[in-house]
Structure formats: structure tokens, C-alpha cells
Amino acid sequence: MMQGRAWRFGDHINTDLIIPGRYLDDPSPSNLAAHAMEDADPTFPRQVRQGDVIVAGRNFGCGSSREQAPVALKSAGVSAVVAGSFARIFYRNCINVGLPVIICPEAGSMVRTWDVIAIDMSRGEVALASGERLSFAPLPGFLLAILEEGGLVPYTRARLKGR
Amino acid sequence: MGILVRAIMVPRTFAEKVLSRASGKDARTGDIVTARIDLAMSHENSLLVLTAFREMGAGRIWDPEKVVLLFDHRVPANTVKAAGGHKTVRDFVRSSGIPNFYDFREGVCHQVLPEKGHVLPGMLVVGTDSHTTTYGALGAFSTGIGATEMASVWATGDLWLRVPETLRLVLRGPLPEGTSAKDVSLRIIGDLGSDGADYQCVEYTGPVVDGLSLSGRMVLSNMSVEMGAKAGICFPDRKTLDYVSHRSRAKLAPVTSDQGAELRETVEMDMSSLGPQVAKPHAVDNVVAVEEVAGTPIDQAFIGSCTNGRLEDLEEAERLLRGRQASPKVRLIVAPASRDVYIEASEKGILASLARSGAVILNPGCGPCLGAHEGLLAPGERCISTTNRNFKGRMGSPEAEVYLASPATVAASAIKGEVADPREVRA
Ligand code: SF4
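Chains as they are written, first to last, in this note's numbering: chain A, 917 to 1079; chain B, 120 to 546.
These aren't lab readings, by the way, just hints derived from the structure by calculation. Take the hints with a grain of salt, since some may be wrong.
[To be verified] With the C-beta cut set under 10 Å, the calculated list includes, among others, these residues of chain A facing chain B:
hint, residue
1, D941
2, D942
3, R965
4, R982
5, I1005
6, N1012
7, E1064
8, L1068
9, R1073
10, R1075
[To be verified] Here are some chain B residues pointing at chain A (derived, C-beta under 7 Å):
hint, residue
11, A201
12, G263
13, G265
14, T267
15, E268
16, D314
17, K349
18, L489
19, K511
Note that beta-carbon positions come from the ideal geometry of N, C-alpha and C, so glycine has one too.
So that you can see chain A by itself, here it is in the shape it has in the complex:
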């Protein structure tokens, strides 16, 4: 169960907006976090707090395959991304770095910035500030397992040890 303040974004937020190419020569999470989303909303890096949730429209994370995009969001404190739909590489990258992703088109029209929402990944439920609940299809078991391990690195480490 996760709970956090929502940041609303629109459709087609691409990975150049999430973390611009000009900052990629320094892959440290602190550098990426310091510039997360700044071209989409310059206040984001300063005001984002641990546990915040991004709620966006269609095709979130389109564009470059840079894994620094979900790393930037995660390092900035974002606990989950809820969107109408995701670009596929970004979606995979989120799971692989341990950032929960939720496909829930209704959330985009019902959540406003600063609403506090709660997410239950295994039940597939978003609880809105109004008390209303939206359901989404939970991730397949093995993807939830990767998220629960904290991402693909610890997951594979465990898998290699088990061999």
C-alpha cells in the first residue's frame, strides 16, 4: 500500500521531458533527481516530496529508452506513476528499477495536483481523495515479484544465486 500527493501531467510526457539529454553525462541518482521533470514543470525538482505520485494521461514515457528517466523519478522520491497508458520501454524500465507503474485511464480526469491518493498494487486499486476507488488490472505475478524485490538487479542476483 502506497500513499502520496499527486502531481498531474498531461498526455505524451516523453523521457526528454522527464530527464533531458543534457544531464545524462552524470548518471548519479542525485544529479538525475535534481533535474527530474524540470522541462515539464520547473517547480517539480524543488517541491517534490518522498512518496509523491505522478498521475498522467496517455503514452507516458515515450521517446528515448533512457533508464535514467524512471531512476530520476524514483530518486526524486516518486513512489508510483499512474497513467492512462505507457510507452513500452519506459514501462519495463520502471519495473526493472523498482518503480511501480499503474495503468488507470480514469485517474487522469479525476485526480488533481496535491490530492492525496493511495494505491494497492496487489489488489489493483487506487483510492482517491474523495474516497472513491478506481480499479486497475494488477501486474502479472512475476512482475510484482520483481517490484517487491526492489527491481531487476536484486531479483536477478537472487536468481543467479539459486542456480
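Fit chain B with the ligand to the known structure of chain A by using the hints.
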């Protein structure tokens, strides 16, 4: 045997066939399979792959022959940090015995891999770059993945993949003289939208595709990811087999979709009256006919990248620029996609001719495409470019604008100092 029997009975898509072979299962659309990877490409971000690989506690690469590494994004190194990253990867390549490593001189990954014979029809290829879809032009199922999952591929050789639905595009022609693969691609993305092919395997078919060279097909496959596609395939024909057999001795096993295979959708598009197209800022699907934006002043014109930095692109641009000068208001930059392209263009006199017209010729590589070095844009500046993305901030300042077009349109615009219709400049 079981797989074979069913394969004969049920017509299957290209994606189903490649992923069945790679997973050893009868993979059907919508299934999630664990597939063995035939070829795994990484560029500079192999540094991130390497970090994750070490954190996973993996000792050896599953099959060093199947890994190709190269540097193309920041070459020669543009910062001390980039230089350090290159060094770390170089040291790793030496110690781990990866035979296929192309250092900073060879060019953009998506040109170098096909050119050096690494990509074969029917292969399952993954790369830590979204435009890995380019190799679909050779009939490979090829898609982009993240750095961490590449580390897991290095360690285990396999990856989970969902068998995608198939969207078939039938492109009717003939293409008008002077209309290029880039114009076709921009029109398709303009019509379908930037998520119009999300998660799909796009199959490009029809007379337009048959008529294109491998370079032109690479433009279609390359740009497929700009409408969300997982893969963008041109089925192998004589031209494909010629291209590949000149570069590889491997036995070829081309794959195509079966007649009657279940497709999500088949879309027919008529390209017989298509003129030059331009994608306006800041979205690749913001596509209009060149007439609508002609006259917009520009500060920079770039010809290059994994989309349009091939020999025929440079030749096309040179034909327009020959004996003319780029406008003094415009910085014209040309980056051949690979060293081979550079050498060939240089031997044919194309580079000299472009330089005479005022172009700055860069070393092979990504060049200004990703806004990391070489030709960044200042706030308020406008660039017309043969690359594949015009997102805000992509080529430098977030207050700059990028227009995407074909090499001919970019060359014509460089001459006039404003977005221009190549048909008028040519006349
Ligand atoms: S040329 Fe541009 S799009 Fe192609 S690989 Fe390089 S940075 Fe990416």
C-alpha cells in the same frame, strides 16, 4: 515436433514465428514468453549495463559473441565524465573478451550493426536504445530495452517479452519523384499518432516498400518507435538477401508472416500523391505538408543520425546543394552515420562538395541529434533536422525548436535560410 505440427496447421505472424523459435514454445499473440536473445547491442549506456551487471553479482557474459558494444553518442568524448565512462567500458571489453566492440570511430549503432553484418533476417535482437527497431528493415525482430534488463540478458541470455499484436501497413504507390522514405514515415506517424502503434509489431508492405532501398526501409523501421511500435518489419526480399550476404557468411533463415495469419489491423495508405512532409515542434506526430511551414526562418540545418545519415541521404542533399551556398544565416551540419558512409561519401566527392556549399562535416556518430554535444541550440533558435525526435529540449535549449524533415527538405531549407520545399529549389 509438436511445435512444427501446429505451425503447419495455424497460420502465424512474423512476431509469433520469431518468438516461438526463440522461446522454444508455440508462442501466440498476447503470450508472455522467455526468449533466448540472438544479438544484444549497447552503446555508451553499456556503462549503466555494466554497473547493473556487477551489482547482480554476475560473473561472466552468457555468450560474448552475441554482444556488440560501441560508442556513438558522445564521440570523441565531450566531457571528462564521458571519457571516464568510455574508459571503464573499454577496460571491461578487454578483460571480458567481447570480440565485437567498435570504439569511438565507427559511427551510429543502427548503421554500424547492419553494415558490419551482425544483423540477419529472422533474428531476435535487443538493444539499449529505442531506435533498435531499425534492424526490422532486414527482417529481424528487433526492439529496445532498458539498461538493467540488458544486464540481466548479459547474465542469463534470456528476456521476457510479450508477443505483440500485428499492425500491417500496405503502402500503395508509386512514390512521386523527390518524395523519400522519411516523408512516408512522417505521414504515417502524423496519421496514426505518436501512440498509434503502441506495443504493436508493425509490418510495412506494399509497392512503396518493395521499391525502397535498404536505407529507405531502415528509415521506416527506425521511425516506428515514434508511434510506439515494439518492432517495425520489412519482409526480406532479394535486396535484403543481397545486402546481408555481402556482409555475413551465416546461413540465412528469413521469416515472413503466413498468409491468413491473425492481424490486429491492416491499413492501406496511398502515397502516390505524397509531397515533402515536416514534423513541427514539439511532437513527431505534428506533421504537415512542407507548404504549410515554408518560409519559417531557421538558424541551423542538420543532416545525419541513424534515421538519415546514410550515403543516399548525403547524396540527395548534395544534389540540391551542389554549386550553391547554404544561407549565411544558417549553420549547416552534416554527420555521416558511419565511417564506411564517411569514406564512401568522401571518395565520391560528396563531402567536399557539401563543404564547398558551407557545410561543417562532423565525425561519424550521433552528432547533434541528442543534444549532448556538437551543435546545441540556443534559446529561441530553430533547427530543421533529418533526425527522428523534435521533443522540447532534445537538441539543446528547451526554448529552441526542432523541425523534422527529409534530407532534401533540410538541404533546400539550408539554401534558403527558411523551411523550404525541395521541389521549388530543385526546379
Ligand atoms: S542518432 Fe540520434 S536517435 Fe539515433 S541512436 Fe544516435 S542519438 Fe539516438
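Identify every previously stated hint that the structure contradicts and give their numbers, smallest first.
Failing hints, ascending: 3 and 7.
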